[in-house]
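Visitor: Please model the entire structure based on the sequences and the hints provided.
As they're listed, the protein sequences go chains G and P.
Residue numbering for the first sequence follows full-length UniProt numbering, starting at 1 and increasing by one per position.
Residue numbering for the second sequence follows full-length UniProt numbering, starting at 1 and increasing by one per position.
Heads up, some of the hints might be wrong.
Which copy is meant is left open, because identical chains are indistinguishable; a pair holds if it fits in one copy or across any two.
To be verified - Restricting the straight-line Cα-Cα distance to at most 20 Å, the calculated cross-link-like pairs of lysine to any residue (SDA-like) are:
| id | residue 1 | residue 2 |
| --- | --- | --- |
| 1 | Lys-381 | Ala-133 |
| 2 | Lys-155 | Phe-3 |
| 3 | Lys-381 | Ser-353 |
| 4 | Lys-381 | Leu-129 |
| 5 | Lys-155 | Glu-136 |
| 6 | Lys-51 | Arg-39 |
| 7 | Lys-51 | His-72 |
| 8 | Lys-412 | Asp-300 |
| 9 | Lys-240 | Ile-150 |
Just so you know, the hints here were simulated from the structure itself, not pulled from any lab data.
In this text, all values refer to a predicted model and were calculated from it rather than measured experimentally.
Protein chains: 2
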Amino acid sequence: MPFTPSLPLTPSTAHSLIGSALSALRTPCLVVNRSQVERNCTIVRETCAAKGIRLRAHVKTHKCLPAALIQHGGKPGPIVCSTLAEAEHFAEGGFTDILYGVPVSPDKLAQLHALSQSVEVLAVLVDSLDAAAWLEEFARDVQGSGSAEIACTWKCWIKVDTGYHRAGISPAGSDLEARLLPLLQRLTSSPYLQFQGLYSHAGHSYTSLGPVAVAQIAREDRTAMHELAATVRKKLLEWKASAVDGWDVAVGSTPIALNAQQGTTDQEKDDSWRGITELHPGNYPFLDLQQLRYNQLPLDRSAARVLARVLARYPERREILIDAGSLALSKDSAPYTLPDGTEISACYGVLSSHPHLYVRSCSQEVSVIRGLSEEDLSDSKLAPGALVTIIPAHSCLAAGCFPVYAVVEDEKGSEMWGSSVVDVWVKAGGW
Amino acid sequence: MPFTPSLPLTPSTAHSLIGSALSALRTPCLVVNRSQVERNCTIVRETCAAKGIRLRAHVKTHKCLPAALIQHGGKPGPIVCSTLAEAEHFAEGGFTDILYGVPVSPDKLAQLHALSQSVEVLAVLVDSLDAAAWLEEFARDVQGSGSAEIACTWKCWIKVDTGYHRAGISPAGSDLEARLLPLLQRLTSSPYLQFQGLYSHAGHSYTSLGPVAVAQIAREDRTAMHELAATVRKKLLEWKASAVDGWDVAVGSTPIALNAQQGTTDQEKDDSWRGITELHPGNYPFLDLQQLRYNQLPLDRSAARVLARVLARYPERREILIDAGSLALSKDSAPYTLPDGTEISACYGVLSSHPHLYVRSCSQEVSVIRGLSEEDLSDSKLAPGALVTIIPAHSCLAAGCFPVYAVVEDEKGSEMWGSSVVDVWVKAGGW
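Guide: Here's what the structure looks like:
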């Protein structure tokens, strides 16, 4: 029995725990297999290269510098982030082309402007004339009176809603004339604003079952963006010929990135990729049950797992209790197909060593694992005190539960990946 | 437009932000109304006093010292916690009677033993002979050879499962003879173990609709515990008469605590409370949509809300976007009844200033609010940049998203509670 102290993994203990055995760590904690992150990132990077598309890595899943460097093959590259805390963290870490990727609001402008002074490109996302007005007003305040040279110019992406209906302006119907083109015109005519590109996130691709359905959504997304880009080009030519070039058309989501790779041969001939200049997926370095399921990928592609310990065993209901609850796994769920073909409509995670065992319910700090056989009930790997690794339903939210990640490498013959901590990654948590 | 910098609320900036306007804080953040926490806690404390039952405050919802002190009326008292990090935090903060309230596992024993040296009572929860064996083995290791006096004694509560089926041993059927009584015998006979009491958590009371259903579950829970206590007393008399007294019978959950208060007159005559010595509810200082709905309480009983800003407005779908996503609200949902009687089966939060507006979906860092009327669409309190407070579906998980809370007091005529930060509470996050 392991009676040695279990070490709490926090930002302040992070450095001292490099070299520790995984079994010495206090559970739950998030373990990242760096080798697998590298493989996952190489696939997407090579896909982008093959298609001649710039990768703007979304960093919201991991929120940490080492993982973003791996996304770009070892050096900083263009990124998109989801919080001010991320933007500040990555700017400080040497990333110089940053898009703050949620619709900008007035309260964030002072920080974003400050940040723009220290990087090459700090761009914002807008989806209304309101936003353009705040940006101009802020820039006018910075400008003050006197100097003729413009002191503050906001680089603006227009957020386009191609069907997810979360944020953005529809590129079709009445929205195009009533909202999108007036915004474009404002961005083109204001001395304080600069049109940077069109940005879509087909988030509805996340819940599409299988590569064929994802490919369909991805193609519709690209077609809509392609048509919109042609309209925009035409308008710019009318309004301001000097602005016709030098802006981007970006699409994203991990399913679309994976789908592009899976279908490379076909897609190369697919005209719908023409004119798309940037791809901004985010979940792919870690992956998770949702992504593996929707993209029909094997479980070993998951690179971030929650390390937990078995607390108790309940033979009468064939369940075990583990010390990772909804504050470690999140309360997001995914559909999952057990190895025997049984469909679980909503599970919160799967034991990587026993893929027929899944998290059926999460309380705050503990979860119940269901599906044990007679054999499992006597398996020492599932005895109270034993370590297990859980592939979470949604790695963005599971990673969000932890301020630091324990990093391991592949290790031959180990179900637990590497058994010692080779690095600790500290992330930009909070806001 | 507020172009002043928004200040990130973190443990290191916490102290300096006392006195700041709420509107200066970077969103999202968690705002706690201390006046409402005090009112919520007074009700439960008075209920316990009226019934002559000790309150063992569960601290897992807020995980911070100031809130636990309010639970006990201003001074430390008995608590139950859900992580080692909490146990250590509260021991250091002057709490001297601590129950580590999840089934204990071998990896946690060294820390728990260390902790037991610095407090009066550090008790553990067990639900198997396995656990008793580890505790004994650990104590024997501490004992070493030589001294006759026992160096390490573990105070053990037996976790009883009265119907929630998460952890614990059933007090009826074959489990009683096969598992519960053998464990009791072991606790009674070992020099290293001490039987401290019987502990149930009727978690199935959380999803019971209304006080009548909760009362039914609560009564069944007490009846089962009452019968079990009688059996235990009889067995102890047989085995070790000196152990017949001095142990507790504890039941819990916030619905049960609120129900006990709501039904005080009837319950006072209710024999099922006889023999129950401790109550250990946890959610009641903050409350949330789940608890308000299940216990039919008004929204203003909620004392912890997520402060967010409106990012964008989408008139065509009558929705707005806010900057609090699932990393601020969690992905837990609650049923909710709109003021017009419409039932929403799963919502993630409700706008406290506009109770007909609810969070229909959460992405990682943003959420979509649904239900705007024509009037709402032109309401300046819902314009982009405006601050809103969200009553979360589940406050334990929403609070879990934040390392610190901004504390306010009641303020007359303000929908936003107090408009300035009177205190900042730093919590024991992590594990």
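Visitor: All hints, please: hold or fail.
Guide: Now the hints, each set against the structure:
Taking identical chains as interchangeable, the C-alpha atoms of Lys-381 and Ala-133 lie at most 20 Å apart only when they sit on different chains, with a minimum of 18 Å there against 60 Å within one chain. For the homomeric pair Lys-155 and Phe-3, the shortest alpha-carbon distance between copies (18 Å) is at most 20 Å, but the shortest distance inside one copy (57 Å) is not. Only within a single protomer do Lys-381 and Ser-353 lie at most 20 Å apart by alpha-carbon distance; the minimum there is 9 Å, versus 51 Å between protomers. In this homomeric assembly, Lys-381 and Leu-129 come within 20 Å of each other (Cα to Cα) only across copies, at 18 Å, whereas the closest approach inside a single copy is 59 Å.
Taking identical chains as interchangeable, the C-alpha atoms of Lys-155 and Glu-136 lie at most 20 Å apart only when both belong to the same chain, with a minimum of 11 Å there against 66 Å between chains. In this assembly of identical chains, the alpha carbons of Lys-51 and Arg-39 lie at most 20 Å apart only when taken from the same copy (19 Å versus 62 Å across copies). With identical chains, the CA atoms of Lys-51 and His-72 are at most 20 Å apart within one copy only, with a shortest distance of 16 Å there and 64 Å across copies. Proximity of Lys-412 to Asp-300 under the C-alpha cut-off of 20 Å is restricted to the intra-copy arrangement: shortest distance 13 Å within a copy versus 57 Å between copies.
Only within a single protomer do Lys-240 and Ile-150 lie at most 20 Å apart by alpha-carbon distance; the minimum there is 19 Å, versus 88 Å between protomers.
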